[in-house]
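Undergrad: Here the protein sequences come in this chain order: A and B.
So that you can map any letter, position 301 of the first sequence is 300 in numbering that gives the first Met the number 0, and since no number is skipped, the others follow by simple counting.
So that you can map any letter, position 693 of the second sequence is 692 in numbering that gives the first Met the number 0, and since no number is skipped, the others follow by simple counting.
Incorrect hints may have been included.
No farther apart than 25 Å at their CA atoms in a straight line, the calculated lysine-lysine pairs in the DSS-like style are these [what the hints assert, rightly or not]:
id, chain 1, residue 1, chain 2, residue 2
1, A, Lys121, B, Lys121
2, B, Lys231, B, Lys481
3, A, Lys242, A, Lys231
4, B, Lys121, A, Lys351
5, B, Lys333, A, Lys637
6, A, Lys333, A, Lys121
7, A, Lys247, A, Lys476
8, A, Lys465, A, Lys242
9, B, Lys541, A, Lys648
10, B, Lys242, B, Lys64
11, B, Lys637, A, Lys333
12, A, Lys351, B, Lys87
13, A, Lys476, A, Lys231
14, B, Lys121, B, Lys333
15, B, Lys569, A, Lys541
16, B, Lys637, B, Lys476
17, B, Lys465, B, Lys333
18, B, Lys221, B, Lys242
19, A, Lys465, A, Lys648
20, A, Lys637, B, Lys637
21, B, Lys637, A, Lys648
22, A, Lys221, A, Lys247
23, B, Lys121, B, Lys87
24, B, Lys465, A, Lys637
25, A, Lys541, A, Lys247
26, B, Lys476, B, Lys465
27, B, Lys351, A, Lys87
If you are wondering where the hints come from, they were derived from the structure by calculation, not from laboratory data.
So you can see what is in the structure, the chains are spelled out below.
2 protein chains.
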Amino acid sequence: MPKATPPSDRTARLRFLLEPESVAIIGASDDPSRIGGRPLRYLLNEGFEGAVYPVNPNRDTVQGKKAFPTITDVPEAVDCAVISVPAKIVPETLEACAASGAKSAIIFSSGFAEMGDEGVAKQSELSAISERTGIRVVGPNCLGLLSFRSRFFPTFSSSGDAGYPDAGPLAIVSQSGAYGTHVYAVARSWGLGVSHVITTGNECDVDVAECISWMADDENVKVIAAYAEGVKDGDALIGAFEKARANKKPIVFMKVGRSEEGAAAAASHTASLAGSDEIYDAVFRQFGVHRASTTEELLDVAYACTGSIHPTSKRIGLITLSGGVGAQMADHAKLAGLDVAPMPDAAQAKLKALLPFASALNPVDTTAHFFNDMNLVRENFAIMLEEGRYDIAVAFFTMVAASPYLIDDLIAELEGIRARFPDRLLFLSLLGPPEVVQRYRDAGYLTYEDPCRAIDAAAAMVTFGKSFAESARPIHKEQGAKTHAVPSRPLSEWASRELMADTGVPLVEAVFATSADQAAEAYAKFNAPVAVKISAPDITHKTEIGGVVLNIEMADEARRAYEDLMSRAKGSTPDGVIVSPMISGGIECILGVQVDPVFGPTIMFGLGGVFVEVFNDVSFRLAPVTPDEALRMIEETKGAALLRGARGKPPSDMRALAEAIVALSEFAARTEGVQSIDLNPFVVMSEGQGAMALDCLIVAKDQPEDG
Amino acid sequence: MPKATPPSDRTARLRFLLEPESVAIIGASDDPSRIGGRPLRYLLNEGFEGAVYPVNPNRDTVQGKKAFPTITDVPEAVDCAVISVPAKIVPETLEACAASGAKSAIIFSSGFAEMGDEGVAKQSELSAISERTGIRVVGPNCLGLLSFRSRFFPTFSSSGDAGYPDAGPLAIVSQSGAYGTHVYAVARSWGLGVSHVITTGNECDVDVAECISWMADDENVKVIAAYAEGVKDGDALIGAFEKARANKKPIVFMKVGRSEEGAAAAASHTASLAGSDEIYDAVFRQFGVHRASTTEELLDVAYACTGSIHPTSKRIGLITLSGGVGAQMADHAKLAGLDVAPMPDAAQAKLKALLPFASALNPVDTTAHFFNDMNLVRENFAIMLEEGRYDIAVAFFTMVAASPYLIDDLIAELEGIRARFPDRLLFLSLLGPPEVVQRYRDAGYLTYEDPCRAIDAAAAMVTFGKSFAESARPIHKEQGAKTHAVPSRPLSEWASRELMADTGVPLVEAVFATSADQAAEAYAKFNAPVAVKISAPDITHKTEIGGVVLNIEMADEARRAYEDLMSRAKGSTPDGVIVSPMISGGIECILGVQVDPVFGPTIMFGLGGVFVEVFNDVSFRLAPVTPDEALRMIEETKGAALLRGARGKPPSDMRALAEAIVALSEFAARTEGVQSIDLNPFVVMSEGQGAMALDCLIVAKDQPEDG
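Generate the whole structure from the sequences, applying the supplied hints.
TA: Put into structure tokens, the structure is as follows:
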């Protein structure tokens, strides 16, 4: 459906939702604990400076404010209307709001797309009103939003029952209202300040992607936390991710539905959304978004982002006053993919001079002498950062840091370190009351109770750092312009091969034969053992009908193979046979393309055999991918060890493999009408020897694959 | 070295360390913040009721108490002497303590085994004094201990700077003093009560195993948390684990050194301790000990144990007021190995009647209606537990549970549920101030902030429940009595086979031949294709010298194979050749035995090929194992999918495989002189078709394997 207003103008109008100067509350209640009462209470008590107009046809005043019978009676066209009325009168209410000149609306009411077909139809009325009139709408079936700098809290959530604190650097957007406000409440209990909480609910208009895009442009936002069960518009999400990355704004994303049980629960909760979970996973990796599995992980990472330091190296220095915790941190850092690089010998010698019997390798152990000589902290820290050149450091001080005997001296030492190394990512693991912890935060350190959580967050910062550092990334959407097409009919292997010609995707040499004589000639051309395969649009599983003859070493055998294959293919419509030289050696992989309903063409890589079948050891990306991304796809699989040369084999031709992945992804991205592509097996030879598909099958859209 | 006192008497004397009636502090300081001052301060201020004797030759009083020049001057033989003097005079001080009749001592001083050879020698003096005189010793190089019911806090840790709370159900033992007190401090900040913290340091006498054993007998202890970098006496640790399991006392264990970096840090921290990390892992699994990777995990699980409910089923019911969090919990429960079983249809119908549009499948979603109708909580919970028959339930209430508008009603409903289902493991995920959270704990619920952490803890409870339910487990040590021996010399394959005869370990049929004629006769006997292999004590890698000839189908070929093999084995001392039928089909596995320096014989299982070489997909246990344990070993590997019949293959003969593992483990346990055994390949045929080793190699102790 065409949009009445160009998207960028529409997004600019989110201002009316997040920073309004006038607000009407339709269905305002005098009871400050009720759904229509809470938002009014928050508007009156939490410092909102704009005009507030309660709308209630049954009362003269609501919570002490003059009430208006309808939105039409409100004396000005408001920036935002909060709609808290029964579902059945929501469409007419929204229409009236738009007619009165309201720029935006927030609809709490449930009873729309989450309730099945009838609800979907009702919701599309709301979308239509928004599109026709330009009124921007959050909801329906949402908990509203919190906009801290504007002190604008149009929500019926109990999250403000104890008041709302000052604005901070974390922006939260969530399809789920309960989850969005839960994340806010946890962040608040951690002392982590929030700029926005937007709960988008059923998304009849404003969606998670558009909110991310808005937040990515807000200079007061340092990190964006998002929650979705799924999105409808993959391009919009990718566009938002790209903008955030360009602006160096990290995104932490909670997407449920990893398991069947979780996906079922998510589907029953919202209007069903398509798109495979593993593709979401791939999108997050590709665009540098951190996917969190738990709320703690989400906020651990988000909190670390508030330091705005995103290193590109994995070198981590560990300082501990417990050798045991040092070992535990080293284990955990390794598990998190960080590099617990040893200190240079000279630096170790310096530390040994300070504390002869403590370990100075990394972790550096201050031991209990910490208590007696606070200089040890400064010396240890400074030597590690100066000479060990670690981009990240985690120091474990536990409750000792809260000891009244030590705290002033310790903070003084740490402030000196922070000032001297402003670009390092510095974490403390502390245990103490909030006011003590705050003193260390004020000294410029990120603090965590558990050192392992600090380490996990550090690893996430490196992932952001590496993603941000790839500055010249192509814009995904522009790359995906369609310049070619495949015909909308079943394709034989030969037809598939022809479509792949000149794409840069390496295929095994082959000759097409449509007679026994041609098959024999083809054999003669290769003058080596060949395979002969049936090529037919209606046979996709050739081996099942005996459609492949291997190891042919004589022209007559090739001739006979042709005849045999043709007779086995009776009932199908073969276009001929394919004659190719037998290939031995190499490592069997699988390359594939699938077109995702939300995100479009995706590319898959994995090793064959048990790797894919037992371990599901495959990696995905949206097509097209860059060569670096292709290498990352390969490295992500466990099977990569085999390609690197495990089991005493020579290393494989990774470059040829990566080039093939890039070429296939580019073909998938520019070609209209593809449903899926399988290159299986795709054989990777030893370094310098290349790689090639031994089989190639393109399935066109709307052509169900058989079997 | 023989012990002067029988172990059980010795352990009984731990009472003098943990519940003394009189204490001397040698090196007592007047400064309450110093190492010799803190313990005295704690003894004087924290409610200790026994006699306290400061020992300090330079002062008449210390912290206001009369001081004694030496331990000999103290007017009674004390139960416990706390020794805080320089390392060089520790041995004479300990000797003096023992001579004065002190029953036990705690040595803070460092400068012993952690400092290299000289320190090791000095420490062995302490061990000798303890063994000779019977004085029980904690330390040296430790932070002392905390014994809450006795209000006895002989430690110089700052953990008591703000006072010590009342005793609770968690007992902590740790080799690392800093880590032990850190765990205590975190537990305390969570409101989790502690019974003991014992830091064992260098363990010149009392070790972690003996403390666990003591704690397992203490009826006030509900759960034991332990930390070790490694242990010296594997049997003692296993004995302690067995006792704890028999007493249904869960143990949560932090053992560092999973990674090379972590192991290096651990080794530099304490006297080096042998034993492979993967064997510790196996021991923990085998004896039902939960291995924790982080302090939070350690305490999450320990806290859940305080409910003393250890279900044996994995069925978990999830209740949520956010559909999004419901999906997240379902994802996480699946990941944790729990069963998010759907509600019975009838029960779903009942819930649907209460709330037509919310999901009632599991998770059950109360939605925001929760606010309006508190009955929903009771009804949902009761129907889930009654009709869904879940042994575990987790309810997500977030900050809503802390709302002053709701809390009283909610707690009343929840108390009713707790009373009605006393045997279910019930968790709440809440967000609120500590006093609010405490009200829900007092109502009989385990509370966590993050629902995923509650779910992980629930999964650990099931593992404990299953372990405790196996009541009739054999005692490991009794099973391991040595009744057989292998000779201490290199063994040929045939010699290895002969030693394995009648052990129940299935080996491929074989005939030994010491001449070409015998080889031909052997072929004739099988009347099928055979393999002929060289058998020589000094050839362990047969294929490298071409020592195997396959697919022999004629008597003459067998004869020639004998001659060829003998000539290829020139320079070695073959005892003959082994003739076996060729075996095709089946799945190749590896069975192995290794004798661990700490724990003795261990057994290993894995699938061959990439499974073991790329994925390191193997499982270990101490030998011997029960059939159930053998099945668990198999199920633990990812490759088990292949044995169960992945990739369209028929299921394999798991029973035969498990029987072989049991038989091999029993052989390993009862046979003296084994260093390692390899059955590789060990082929598992289809269900009912058995399994057998195609190759068998025993390496005797002190016989280094070649190559």
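Undergrad: For the pair supplied as a hint, B:Lys476 and B:Lys465, confirm whether the alpha-carbon distance does not exceed 25 Å.
TA: The hint holds at about 22 Å.
Undergrad: Under the criterion that the straight-line Cα-Cα distance not exceed 25 Å, is the pair B:Lys121, B:Lys333 satisfied?
TA: The hint is violated at about 53 Å.
Undergrad: If you draw a straight line from the CA of B:Lys221 to the CA of B:Lys242, is it 25 Å or shorter?
TA: Satisfied, since the Cα-Cα distance of roughly 14 Å is no more than 25 Å.
Undergrad: Can you confirm whether the C-alpha distance between B:Lys242 and B:Lys64 stays at or below 25 Å?
TA: violated, 42 Å
Undergrad: Assess, step by step, whether the Cα of B:Lys465 is no farther than 25 Å from the Cα of B:Lys333, and give holds or violated.
TA: Roughly 18 Å separates the two Cα atoms, so the pair holds.
Undergrad: Within a Cα-Cα threshold of 25 Å, do B:Lys637 and B:Lys476 meet the stated pairing?
TA: violated, 30 Å
Undergrad: Take the C-alpha atoms of A:Lys221 and A:Lys247, compute the straight-line distance between them, and say whether it is at most 25 Å.
TA: holds, 9 Å
Undergrad: Please verify whether A:Lys637 and B:Lys637 have alpha carbons no more than 25 Å apart.
TA: It holds: about 13 Å lies between the C-alpha atoms, which stays within 25 Å.
Undergrad: Need the status of pair B:Lys541, A:Lys648: alpha-carbon distance at most 25 Å?
TA: Distance ~20 Å between B:Lys541 and A:Lys648 Cα, so the pair holds.
Undergrad: Holds or violated: A:Lys247 and A:Lys476, Cα atoms, limit 25 Å.
TA: holds, 19 Å
Undergrad: Taken at face value, is the distance from the CA of A:Lys637 to the CA of B:Lys465 at most 25 Å?
TA: Cα-Cα ~32 Å, so violated.
Undergrad: Keeping to a limit of 25 Å between CA atoms, is the pair of A:Lys333 and A:Lys121 held or broken?
TA: Cα-Cα ~53 Å, so violated.
Checked against the numbered hints given earlier, this structure breaks hints 1, 6, 10, 14, 15, 16, 19, 24, 25; the rest are met.
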